[in-house]
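> The whole structure should be built from the sequences, with the hints applied where relevant.
There are 6 protein chains.
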Amino acid sequence: MTEFSHINAAGEANMVDVSSKSSNLREARAEVYVLLNSQAIGLIQRGDHHKGDIFGVSRVAGIMAAKRTSDLIPLCHPLMLTKVTVDLELQADQQRVRITSLCKLDGKTGVEMEALTAASVAALTLFDMCKAVDPAMRIDGLRVLEKTGGKSGRWLA
Amino acid sequence: MTEFSHINAAGEANMVDVSSKSSNLREARAEVYVLLNSQAIGLIQRGDHHKGDIFGVSRVAGIMAAKRTSDLIPLCHPLMLTKVTVDLELQADQQRVRITSLCKLDGKTGVEMEALTAASVAALTLFDMCKAVDPAMRIDGLRVLEKTGGKSGRWLA
Amino acid sequence: MTEFSHINAAGEANMVDVSSKSSNLREARAEVYVLLNSQAIGLIQRGDHHKGDIFGVSRVAGIMAAKRTSDLIPLCHPLMLTKVTVDLELQADQQRVRITSLCKLDGKTGVEMEALTAASVAALTLFDMCKAVDPAMRIDGLRVLEKTGGKSGRWLA
Amino acid sequence: MTEFSHINAAGEANMVDVSSKSSNLREARAEVYVLLNSQAIGLIQRGDHHKGDIFGVSRVAGIMAAKRTSDLIPLCHPLMLTKVTVDLELQADQQRVRITSLCKLDGKTGVEMEALTAASVAALTLFDMCKAVDPAMRIDGLRVLEKTGGKSGRWLA
Amino acid sequence: MTEFSHINAAGEANMVDVSSKSSNLREARAEVYVLLNSQAIGLIQRGDHHKGDIFGVSRVAGIMAAKRTSDLIPLCHPLMLTKVTVDLELQADQQRVRITSLCKLDGKTGVEMEALTAASVAALTLFDMCKAVDPAMRIDGLRVLEKTGGKSGRWLA
Amino acid sequence: MTEFSHINAAGEANMVDVSSKSSNLREARAEVYVLLNSQAIGLIQRGDHHKGDIFGVSRVAGIMAAKRTSDLIPLCHPLMLTKVTVDLELQADQQRVRITSLCKLDGKTGVEMEALTAASVAALTLFDMCKAVDPAMRIDGLRVLEKTGGKSGRWLA
Numbered sequence: 013m014t015e016f017s018h019i020n021a022a023g024e025a026n027m028v029d030v031s032s033k034s035s036n037l038r039e040a041r042a043e044v045y046v047l048l049n050s051q052a053i054g055l056i057q058r059g060d061h062h063k064g065d066i067f068g069v070s071r072v073a074g075i076m077a078a079k080r081t082s083d084l085i086p087l088c089h090p091l092m093l094t095k096v097t098v099d100l101e102l103q104a105d106q107q108r109v110r111i112t113s114l115c116k117l118d119g120k121t122g123v124e125m126e127a128l129t130a131a132s133v134a135a136l137t138l139f140d141m142c143k144a145v146d147p148a149m150r151i152d153g154l155r156v157l158e159k160t161g162g163k164s165g166r167w168l169a
Numbered sequence: 013m014t015e016f017s018h019i020n021a022a023g024e025a026n027m028v029d030v031s032s033k034s035s036n037l038r039e040a041r042a043e044v045y046v047l048l049n050s051q052a053i054g055l056i057q058r059g060d061h062h063k064g065d066i067f068g069v070s071r072v073a074g075i076m077a078a079k080r081t082s083d084l085i086p087l088c089h090p091l092m093l094t095k096v097t098v099d100l101e102l103q104a105d106q107q108r109v110r111i112t113s114l115c116k117l118d119g120k121t122g123v124e125m126e127a128l129t130a131a132s133v134a135a136l137t138l139f140d141m142c143k144a145v146d147p148a149m150r151i152d153g154l155r156v157l158e159k160t161g162g163k164s165g166r167w168l169a
Numbered sequence: 013m014t015e016f017s018h019i020n021a022a023g024e025a026n027m028v029d030v031s032s033k034s035s036n037l038r039e040a041r042a043e044v045y046v047l048l049n050s051q052a053i054g055l056i057q058r059g060d061h062h063k064g065d066i067f068g069v070s071r072v073a074g075i076m077a078a079k080r081t082s083d084l085i086p087l088c089h090p091l092m093l094t095k096v097t098v099d100l101e102l103q104a105d106q107q108r109v110r111i112t113s114l115c116k117l118d119g120k121t122g123v124e125m126e127a128l129t130a131a132s133v134a135a136l137t138l139f140d141m142c143k144a145v146d147p148a149m150r151i152d153g154l155r156v157l158e159k160t161g162g163k164s165g166r167w168l169a
Numbered sequence: 013m014t015e016f017s018h019i020n021a022a023g024e025a026n027m028v029d030v031s032s033k034s035s036n037l038r039e040a041r042a043e044v045y046v047l048l049n050s051q052a053i054g055l056i057q058r059g060d061h062h063k064g065d066i067f068g069v070s071r072v073a074g075i076m077a078a079k080r081t082s083d084l085i086p087l088c089h090p091l092m093l094t095k096v097t098v099d100l101e102l103q104a105d106q107q108r109v110r111i112t113s114l115c116k117l118d119g120k121t122g123v124e125m126e127a128l129t130a131a132s133v134a135a136l137t138l139f140d141m142c143k144a145v146d147p148a149m150r151i152d153g154l155r156v157l158e159k160t161g162g163k164s165g166r167w168l169a
Numbered sequence: 013m014t015e016f017s018h019i020n021a022a023g024e025a026n027m028v029d030v031s032s033k034s035s036n037l038r039e040a041r042a043e044v045y046v047l048l049n050s051q052a053i054g055l056i057q058r059g060d061h062h063k064g065d066i067f068g069v070s071r072v073a074g075i076m077a078a079k080r081t082s083d084l085i086p087l088c089h090p091l092m093l094t095k096v097t098v099d100l101e102l103q104a105d106q107q108r109v110r111i112t113s114l115c116k117l118d119g120k121t122g123v124e125m126e127a128l129t130a131a132s133v134a135a136l137t138l139f140d141m142c143k144a145v146d147p148a149m150r151i152d153g154l155r156v157l158e159k160t161g162g163k164s165g166r167w168l169a
Numbered sequence: 013m014t015e016f017s018h019i020n021a022a023g024e025a026n027m028v029d030v031s032s033k034s035s036n037l038r039e040a041r042a043e044v045y046v047l048l049n050s051q052a053i054g055l056i057q058r059g060d061h062h063k064g065d066i067f068g069v070s071r072v073a074g075i076m077a078a079k080r081t082s083d084l085i086p087l088c089h090p091l092m093l094t095k096v097t098v099d100l101e102l103q104a105d106q107q108r109v110r111i112t113s114l115c116k117l118d119g120k121t122g123v124e125m126e127a128l129t130a131a132s133v134a135a136l137t138l139f140d141m142c143k144a145v146d147p148a149m150r151i152d153g154l155r156v157l158e159k160t161g162g163k164s165g166r167w168l169a
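Residue numbers (this note's numbering), protein chains in the order written: chain P, 13 to 169; chain Z, 13 to 169; chain R, 13 to 169; chain L, 13 to 169; chain H, 13 to 169; chain A, 13 to 169.
Read the hints as simulated data drawn from the structure, not as lab findings.
Worth double-checking, as some hints may not be accurate.
Since copy identity is lost for identical chains, a pair holds within one copy or between any two.
Below 30 Å or equal to it, Euclidean Cα-Cα: the simulated DSBU-like pairs (lysine-lysine) are [unchecked claim]:
1. Lys163 x Lys120
2. Lys120 x Lys33
3. Lys163 x Lys33
Predicted, not measured: the structure shown is a model, and the values here were computed from it.
In structure tokens:
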């Protein structure tokens, strides 16, 4: 591919035409990291062993955001996601939280933007809840891990 | 601060009460990087010199997303932003695009989540438009650069 | 069924995976009651005989809300509803308004949450319009009346 | 008051004009009950003692819905809520969950519709998560408990 | 004024900075016409004398759309409208419906875009409801009629 | 057709039931004009030859609005658009901008409301960006140009 599919010959924004593509099962997985200071890590650890909502709220926000992807990203098609998963794992040794997401669809186009949006908004929500303790957090390494279904088959990072 | 402001004593999600805070001018700036391969960098460069909408579409998506922050992040307050700026700069030598955002408010609470959301969604939109050429892009280094206004004064990364 | 389908083994929020379910015709009906004082009942009665918008506005709000169910209820799937009906009936003798809703879908999952959301928001809208006259209203008896289609066949309250 | 404020003399939908009302602190509290069968009650109890997200997800959904009230209820004014709280309490003896909500605003109009919407959507979300175990649940007794601020002062149910 | 306020020196989209503008009462009125064939006019007339919801549904859609203007128009500021009115008048002799809208705000920027959006969406809704009878309708003459408040004072079309 | 499909026998708002309609390829095209004064025309012309975002921002706003049609127009069905195009052409001689839109769907109902909404919001966005230079603009001639697919075949204005 030597051109951007989302920009036409005149250099204008272009939504790809998927009218004639066939519907089939598609999946995408994404990941992102939130880097926190040790005080924030400590508070999350404490919550984990009790009943803190920190991870729960981030998970819900990520799932809801996946469903709103086409409302946020101008050239994304509206899709009827059949499954969204968001997982958060505290990696205390590396002073970070790893967030992974999975989106599934029985439809005409890939769902990697949905998986990336879910991971992004879960990370932003975690940031929001921890920012009073660590305003210098960083969100890093957002990328697609795997993509299956569709004409191009499986893509693995 | 030794506790998360967004989690109450029972470990439950908690929207901070800003009812009695005074309204004043607040600003926040954020940044994020999108790392692309050389083919994508080349296509963006070409667009820059012509009239490609790549940066324009990302900018609009970022500005619109800032206005929807409280709709995406569960514990964010609804705010009447008075100004949103999103800038994209191609740093071809480092094979990346730098995105910076600025949000302003005359209100009761800080706007760093709005600035982060604007930068995030601008980056996701850039990703969407370039993914056919480079599916292995990475979005990195999302963080707050500066925050002014409010009781705590100026905070600089 | 001995477990919640929407909570996984780790106790986390879980969107049910409907990727492999077949698409077929599904319907759900719900009802709810709004209990009002005699002054509000009288004003609605008068409007009925003239051209009051009280019931009309509630109906429109309920129909629009049905379409936004997956945006409000975190683990609901986005669906392409093919029909939404909201009906309001003044039952003056019982000093109440009965609201019923019907949702239809040709799709992969049931639509009872859509029917409940339509009835709920229609009731809230009626409440909003009558609250200056009767601030002590109560919304009661929201439930699913019937559900058809899908693997489990017909369910009747 | 002998007329509906939300319907004009011609019987048409009417958004109350609050342009000239002064801004002051306002609060409203609402409650609602979800009635469940003993199997659902048992599963929630078990989750409570572990780390089930059932109440957490409902709380987040209720908080987010409060912020979208003016988007759902046609004649509600857009408001900048300064605080939203949603609480869920299992009342196992009565086979029900009690949900209470609190909304606060420094603004020109009351927030009882916001409190009612928060409680409603939290109840609908609880329903969604429990419906596989108990499809015959009922949502009952949605009402305003208390309202303070504004010209009319304190109102108590 | 010799430049567009919404485009900066580099030709990029620019949200006007209203941070330092003072808050005051502002109003805007807009109008639009929907031109219909005689069959559609006849059906609306019949409804008018009975209890047709044609105008009622359009009015509600227009009011709700006004509240979502900043979500639709990229460079509009989020605003807390204090009043929205939408009126529809059948002008059977000219085979058209005239729609007028009024928006009010106690805030930092004008509300003509909100008035135009209200009128627009009311007209689109009328079109939707009449299109089976007259697919060749035309929506004409959308413009601002009057604008008051703010530094520039009163503007009259 | 001698009745409005969107109003039932009782004169109430009625969403057409498309449950049993078959899915097939459908398209609709719409157009609208924005009439501007010569100063605004001049500034747009200048931008065209440089890199002004005026048309780009309007195009993005129109595309995004098409995807939100069922959220704005009460009786429209939610649809999964497979393609949206918005084009803007400066017709300097006639002192106007012509906006055309195209929507495509593989689904159960026509997409003319989506095409009209895209054109409308693109026009409103253009208005917003030019209003400081020409507050007396007019948006004219919004109509469907062509509609294909579905039982009724091709319709041409």
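> When Cα atoms must be at most 30 Å apart, do Lys163 and Lys120 count as within-copy, between-copy, both, or neither?
both (10 Å within a copy, 23 Å between copies)
> 30 Å Cα cut-off: does Lys163 pair with Lys33 within a copy, between copies, both or neither?
both (9 Å within a copy, 22 Å between copies)
> Between Lys120 and Lys33, at a C-alpha cutoff of 30 Å, which is it: within one copy, between copies, both, or neither?
Answer is both; intra-copy 6 Å and inter-copy 17 Å each pass.
Violated hints: none; the structure is consistent with every hint.
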